[in-house]
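Can you make the complete structure from the sequences, with help from the hints?
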Amino acid sequence: MGRILAIDFGRKRCGIAATDPLRIVASGVGTVATATLVDFVKEYRRANGIDLIVVGEPRDMQGRPSESTRFLTPGIRRLQKEIPDIPVVFFDERFTSVLAHRAMLDGGLGKMARRDKALVDEISATIILNDFLASRQYQEYNDTNI
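The numbering used here applies: residue 204 is where the sequence shown begins, and numbers increase by one.
These are computed hints drawn from the structure, not numbers from a lab.
Glycine included, every Cβ here is placed at the ideal spot set by N, Cα and C.
Treat the hints with care, since some could be wrong.
Said to hold, decoys possible - DSS-like mimics (lysine-lysine), calculated; alpha carbons at most 30 Å apart, straight line:
1) Lys320 / Lys245
2) Lys215 / Lys245
3) Lys245 / Lys284
4) Lys215 / Lys320
5) Lys320 / Lys284
6) Lys284 / Lys215
Stated by the list, open to error - Quick list of simulated restraints, FRET-style, between CB atoms:
7) Thr239 / Thr347: 24 to 34 Å
8) Gly205 / Glu343: 32 to 42 Å
9) Arg267 / Glu246: 26 to 36 Å
10) Pro224 / Gln265: 31 to 41 Å
11) Val228 / Ala321: 13 to 23 Å
12) Arg249 / Glu270: 30 to 40 Å
13) Pro268 / Pro224: 28 to 38 Å
Spelled out as structure tokens, the structure:
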């Protein structure tokens with residue numbers, strides 16, 4: 204069983220999180236410039252092994268894809284083209300930035316640290332991955348890929 208990698212895709216940078224090899228714990232890995240995402244994923248895969256990539260899918264309050272989806276689609280298509288043997292699934296990312304800020308507040312981070320957008324992106328990716336691991340979508344993926 205390999206790791207699951209989560210991506211909080213952004214126009215400038217992407218937050219990255221990954222599970223442990225047993226897929227029990229999701230942890231932040233960091234952030235990478237969006238332009239270098241494919242190279243980062245290839246290198247991470249080589250070093251750690253990945254079985255699945257989860258991408259946060261921006262949605263509006265009605266559950267429809269949001270305006271920012273148009274920036275995400277070309278980048279993820281490129282990733283799928285470059286690494287076709289790793290499945291990519293999309294997972295609703297609504298409110299992850301709000302939850303990330305709340306986690307930073309609850310964790311006692313100071314005002315300057317909370318302004319660090321890279322840290323917010325990393326925490327958002329971790330929230331996306333934790334939510335995915337707790338979801339029915341993950342259970343269905345596991346059931347069909349065991």
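Subject >> Indices of hints not satisfied (ascending) >> reply: Violated: hint 8 alone.
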